[in-house]
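Novice: Assemble the whole structure, with the sequences as input and the hints as a guide.
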Amino acid sequence: MSSVITKDDFFALVNEIQSSPYYRQPLAFAIARVDRGQKDPSKILQATFPFINWEENYASAAIFQKALQESGCLIPLDESEVVFDVNRNFVAEAISYCTPWLDEAVGEAHKNVQVMKYLRDLPEEELANFRVVFLFEDAKPKSVEAVYLKLYALSQGKAPLRSLNLDGAFGVLPNVAWEGRKPYELEWLRENELRLKMEGNYPNIDAVDKFPRYLQHVIPAENTRILDAAKVRMGAQLAPGTTVMPGASYVNFNAGTLGPCMVEGRISSSAVVGKGSDIGGGASILGVLSGTSGNPITIGENCLLGANSVTGIPLGDGCIVDAGIAVLEGTKFFIAPEEFKKIKEANPDWDAQYKELFKGIELAGLSGIHFRQDSTSGQMKAFRSCKEVKLNEELH
Amino acid sequence: MSSVITKDDFFALVNEIQSSPYYRQPLAFAIARVDRGQKDPSKILQATFPFINWEENYASAAIFQKALQESGCLIPLDESEVVFDVNRNFVAEAISYCTPWLDEAVGEAHKNVQVMKYLRDLPEEELANFRVVFLFEDAKPKSVEAVYLKLYALSQGKAPLRSLNLDGAFGVLPNVAWEGRKPYELEWLRENELRLKMEGNYPNIDAVDKFPRYLQHVIPAENTRILDAAKVRMGAQLAPGTTVMPGASYVNFNAGTLGPCMVEGRISSSAVVGKGSDIGGGASILGVLSGTSGNPITIGENCLLGANSVTGIPLGDGCIVDAGIAVLEGTKFFIAPEEFKKIKEANPDWDAQYKELFKGIELAGLSGIHFRQDSTSGQMKAFRSCKEVKLNEELH
Amino acid sequence: MSSVITKDDFFALVNEIQSSPYYRQPLAFAIARVDRGQKDPSKILQATFPFINWEENYASAAIFQKALQESGCLIPLDESEVVFDVNRNFVAEAISYCTPWLDEAVGEAHKNVQVMKYLRDLPEEELANFRVVFLFEDAKPKSVEAVYLKLYALSQGKAPLRSLNLDGAFGVLPNVAWEGRKPYELEWLRENELRLKMEGNYPNIDAVDKFPRYLQHVIPAENTRILDAAKVRMGAQLAPGTTVMPGASYVNFNAGTLGPCMVEGRISSSAVVGKGSDIGGGASILGVLSGTSGNPITIGENCLLGANSVTGIPLGDGCIVDAGIAVLEGTKFFIAPEEFKKIKEANPDWDAQYKELFKGIELAGLSGIHFRQDSTSGQMKAFRSCKEVKLNEELH
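Residue numbers (the numbering used here), protein chains in the order written: chain F, 4 to 399; chain W, 4 to 399; chain E, 4 to 399.
Check each hint, because a few of them may be wrong.
Identical copies carry no separate label here, and so any pair may be met within one copy or between two of them.
Unchecked claim - 27 angstroms max Cα-Cα, derived BS3-like pairs, lysine-lysine:
(1) K200 <-> K120
(2) K120 <-> K42
(3) K390 <-> K347
(4) K345 <-> K42
(5) K362 <-> K390
(6) K200 <-> K185
(7) K335 <-> K362
(8) K143 <-> K46
(9) K10 <-> K347
(10) K10 <-> K390
(11) K145 <-> K344
(12) K114 <-> K42
(13) K278 <-> K345
(14) K200 <-> K145
(15) K114 <-> K200
(16) K161 <-> K200
None of these hints come from the bench; they were simulated from the model.
Keep in mind the model is a prediction, meaning the values are calculated, not measured.
Specialist: Written out as structure tokens, the structure is:
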């Protein structure tokens with residue numbers, strides 16, 4: 004082991020590592036506590052990260068890479084990611100490099116060192132529950148740990164929604180039965196069903212899914228509310244001040260809010276909602292996995308999607324979709340000439356000539372539009388919105 | 004301590020207290036078992052009432068007030084509410100006054116005395132989990148205990164929906180993470196996340212909210228069903244025979260049903276539904292916090308709100324809102340002359356002249372109306388309902 | 004006891020039993036582990052089957068019946084079902100007949116024998132948790148065990164949806180409070196509320212219902228997902244590859260899917276959905292208990308029910324119901340002459356003459372129809388669908 008006694012020793016070592024040929028600067032890295040298959044312990048069912056590093060803390064990255072190298076785990080030069088079991092040597096090496104920080108590593112300080120201190124104090128047999136993962140680029144994730152690391156980055160707001168490559172994540176994650184935070188292999192359950200039921204020990208399964216729930220891994224901001232954990236999937240991002248009610252709402256992974264929002268409807272995968280918007284009870288924002296022609300939908304700020312409305316086009320700021328109507332790409336909206344003029348004023352970049360009927364897709368992304376079905380004629384209409392959308396301050 | 008041996012002694016003491024200057028007749032009072040903050044134990048996260056007194060049991064109120072007085076807790080003369088920690092002296096005093104009832108206090112009898120007997124037998128360190136709360140008038144609640152006491156009164160049917168002052172309740176209740184019935188301070192979770200996750204002890208959070216769920220505190224009537232606890236917030240009131248299905252339904256606090264109802268949709272805050280009504284799958288009744296212009300909505304008896312309908316006006320009895328339509332204050336409904344006549348007959352107090360188009364708000368509270376969108380013209384229409392709405396006897 | 008040493012002995016015994024006068028060939032039979040009332044232990048709250056026999060394993064049925072007979076439990080000759088407590092003698096008898104299979108009974112082999120081995124090894128006081136149930140015909144279920152056995156048959160796919168007599172099941176099942184898989188009598192909770200709350204032991208109730216949840220008893224196929232256990236009631240049937248999202252979805256008992264489906268909406272009691280169909284977010288399929296005139300609705304293959312749509316008629320294959328609209332029996336749809344011709348071509352057995360307007364009920368069960376509300380006129384229209392409905396491969 005290297006002899007690292009002072010902080011200067013430490014920085015010198017980090018410099019040395021970072022210029023050595025095996026070092027690769029990571030996009031992200033972290034130590035995961037993993038749940039392994041009951042039937043096949045080589046199968047990773049879930050990865051829980053006490054702390055993640057996302058484009059940050061490169062000194063720790065260097066130390067971890069050297070400790071891996073010294074403990075016989077070679078960093079591949081051409082892979083987009085790598086995952087190793089944590090072993091006693093890796094921990095001892097890493098701890099030895101961190102000597103000058105050990106005492107300071109408490110509370111908010113030096114979280115990677117704190118993680119290593121926990122690992123140092125663990126009995127040997129518990130180390131098998133931990134793995135170290137490095138992502139070197141944002142490629143298709145290949146391991147459960149890599150998928151979880153990206154979901155953490157999204158849900159903890161370290162990476163913007165839609166910014167990460169999650170292609171193939173469904174293929175990587177195993178489908179498991181969740182009893183609280185504990186995942187079970189379905190095959191193991193099947194093989195043990197008779198015994199568990201005879202003994203009265205059959206688990207109480209909350210869900211069967213590849214993804215965990217957001218609240219199984221993420222602590223929301225002080226003023227964020229999620230009234231039913233089932234309603235927000237891991238990988239969703241909720242800005243502080245967002246409230247997700249339990250009626251018909253849902254926020255899928257890689258979807259969410261950019262500021263305080265009231266969410267009583269569905270924010271499908273890849274949909275993003277701006278601050279101050281109100282997604283009414285049962286309102287549906289279509290997602291790339293369901294309904295849209297593949298374009299992810301952005302809803303602007305201070306929009307109101309009425310109860311049981313459906314929105315299949317992007318909206319700008321201050322739009323209102325009336326309760327119960329569907330605004331789809333192909334829906335034709337009548338616009339009166341004077342309303343067309345006002346809409347143009349509110350959207351100076353909108354390059355359109357007047358006509359009576361506009362398809363939904365032609366109005367995509369415009370601000371200040373009110374979408375309505377005329378109750379006397381059944382005709383769908385768009386006009387300049389004259390109501391200001393304001394969230395109730397207490398958000399229920 | 005006073006010497007109370009016989010029941011006569013007891014009543015004499017109660018009379019004496021009730022005419023003493025410190026006694027204040029309460030609106031409500033109760034002993035709460037509280038959950039305190041993990042980080043800040045002075046912060047009350049939840050109050051659980053084994054039993055509440057709401058405009059009743061004034062003898063117990065007198066005894067409790069004297070015991071408080073004797074144990075050094077002064078009842079304020081000008082506050083709308085007061086909360087004290089339960090201490091050993093308070094318990095000993097109160098128990099001593101209740102001597103003649105101690106043996107009888109079992110089962111349904113003398114529940115306040117039963118509570119004191121439990122407190123008497125507790126080890127000292129457990130007493131810190133209990134507090135005594137008095138409400139003297141229905142003012143804005145100032146403490147967590149006062150908010151919970153009012154929510155109990157609503158949910159246990161001791162106070163009618165919309166009858167209580169809950170202004171500022173959102174500001175009083177802390178936002179906490181719920182693991183089952185156990186609330187966690189978010190800040191404590193954040194400070195302990197790394198350790199809990201390293202140890203594999205991170206809690207399984209069901210919800211993050213200021214309010215608990217109805218079923219965390221309230222036992223519904225024998226023939227009431229709630230298929231998903233997340234769907235009914237504490238402070239809701241469900242009349243016996245109500246069924247709340249798990250699809251898109253939700254019943255917010257200060258909202259609910261007045262008789263057997265089928266609830267597959269949303270009953271927003273302040274909305275009240277009469278007996279025999281069927282709130283179809285995904286149907287939305289707008290609430291004062293979301294959608295209405297501030298008027299709470301009452302739905303009468305034997306109404307049918309069709310699947311995915313939206314109702315933004317009050318309805319009388321026997322109304323039908325067709326599946327998928329929105330009945331809002333501004334929606335214009337065509338009424339044929341002969342239907343107008345029939346509606347008038349069904350609503351003799353309705354003071355209206357015939358015209359072709361009525362706004363929703365003009366039809367508010369009328370009975371026997373069927374709201375529909377004409378499928379050939381798209382026009383919204385209102386006519387005299389000719390179907391009798393009857394709940395399925397088994398209510399699913 | 005009979006002396007059964009070889010497999011030949013066993014088969015000889017089975018033949019002997021099956022021709023004896025007391026033997027009745029069952030429709031189904033099984034050993035249940037039961038949860039008994041906390042207040043009234045004679046009341047059965049839930050029956051958990053480690054393994055069920057449905058029109059199969061008649062040798063085990065014979066052995067069980069002889070063991071019952073020998074242990075003093077007489078099989079009635081004229082009842083549609085019978086349930087007995089499991090006692091020591093019954094177990095000893097049954098085990099003695101199974102001698103030749105005892106060693107082989109592991110894993111997937113001889114599950115009835117495995118069950119008996121568990122019972123043999125149980126202490127006497129635990130035997131009271133087990134009961135044996137026989138159904139001799141598909142009559143109205145009379146016991147909790149009989150209802151559960153039928154729900155198992157449906158949910159495990161051993162009996163087709165809608166094929167079983169469940170009349171009166173709501174009357175047979177007690178309404179209980181569920182804490183995970185543990186049912187509580189409401190009356191017991193009420194009697195113990197004060198004590199449980201004082202002690203801090205009040206249970207965390209997830210639901211109050213007569214039925215348990217599907218995932219409390221059934222292990223879905225490897226590629227089936229249920230993101231929220233509250234969303235699927237016991238007695239539902241989900242074909243492998245079905246995904247049930249947590250937004251506004253729900254699958255009631257005696258309802259479900261026949262192949263891979265995406266379910267983001269409600270499949271009401273008795274509704275059945277064909278493979279490849281997509282039930283959009285908040286979409287409602289009406290059920291016999293809610294909305295239809297009593298005819299159970301079948302949705303064909305590769306249909307798309309748009310977000311927040313309502314379907315009240317059966318559909319054939321390849322139909323599309325646009326987002327937000329309601330297709331009910333009485334809804335009138337305009338069909339253009341050329342579309343009528345195409346629909347007839349797609350449905351050669353459809354015996355209809357051309358007219359402009361068809362009621363929903365007249366289009367029931369037809370394939371290849373697209374239902375839409377014209378956005379310029381509000382008129383409801385039906386035309387030949389030209390889009391192929393394909394599920395997203397990863398189904399979210």
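Novice: A separate judgement is required for each hint: does it hold in the structure or not?
Specialist: To see whether the hints hold, each was checked on the structure:
1. Proximity of K200 to K120 under the C-alpha cut-off of 27 angstroms is restricted to the inter-copy arrangement: shortest distance 14 angstroms between copies versus 41 angstroms within a copy.
2. In this assembly of identical chains, K120 and K42 lie within 27 angstroms of each other by CA distance solely across copies; the values are 23 angstroms between and 31 angstroms within a copy.
3. Taking the shortest alpha-carbon separations for K390 and K347, only the intra-copy value of 17 angstroms comes in at or below 27 angstroms, while the best inter-copy value is 34 angstroms.
4. Proximity of K345 to K42 under the C-alpha cut-off of 27 angstroms is found in neither arrangement, the shortest distances being 65 angstroms within a copy and 54 angstroms between copies.
5. Taking CA atoms no more than 27 angstroms apart as the test, K362 paired with K390 passes in both settings, with 23 angstroms inside one copy and 19 angstroms between copies.
6. In this homomeric assembly, K200 and K185 come within 27 angstroms of each other (Cα to Cα) both inside a single copy, at 18 angstroms, and across copies, at 13 angstroms.
7. Taking identical chains as interchangeable, the C-alpha atoms of K335 and K362 lie at most 27 angstroms apart whether they share a chain (4 angstroms) or sit on different chains (25 angstroms).
8. Taking the closest pair of Cα atoms, K143 and K46 come within 27 angstroms of each other only inside a single copy of the chain (19 angstroms); across copies the shortest separation is 46 angstroms, beyond that limit.
9. In this assembly of identical chains, K10 and K347 lie within 27 angstroms of each other by CA distance neither inside one copy nor across copies; the values are 61 angstroms within and 83 angstroms between.
10. Taking the shortest alpha-carbon separations for K10 and K390, neither the intra-copy value of 60 angstroms nor the inter-copy value of 66 angstroms comes in at or below 27 angstroms.
11. Taking CA atoms no more than 27 angstroms apart as the test, K145 paired with K344 passes in neither setting, with 52 angstroms inside one copy and 51 angstroms between copies.
12. Taking CA atoms no more than 27 angstroms apart as the test, K114 paired with K42 passes between copies only; the shortest distance there is 20 angstroms, against 33 angstroms inside one copy.
13. In this homomeric assembly, K278 and K345 come within 27 angstroms of each other (Cα to Cα) only inside a single copy, at 24 angstroms, whereas the closest approach across copies is 48 angstroms.
14. Taking the shortest Cα distances, K200 and K145 sit within 27 angstroms of each other only across copies (24 angstroms), while inside one copy they are farther apart (36 angstroms).
15. For the homomeric pair K114 and K200, the shortest alpha-carbon distance between copies (13 angstroms) is at most 27 angstroms, but the shortest distance inside one copy (43 angstroms) is not.
16. Taking the shortest alpha-carbon separations for K161 and K200, only the inter-copy value of 19 angstroms comes in at or below 27 angstroms, while the best intra-copy value is 43 angstroms.
In the structure shown, a violation is registered for the earlier hints numbered 4, 9, 10 and 11, in ascending order.
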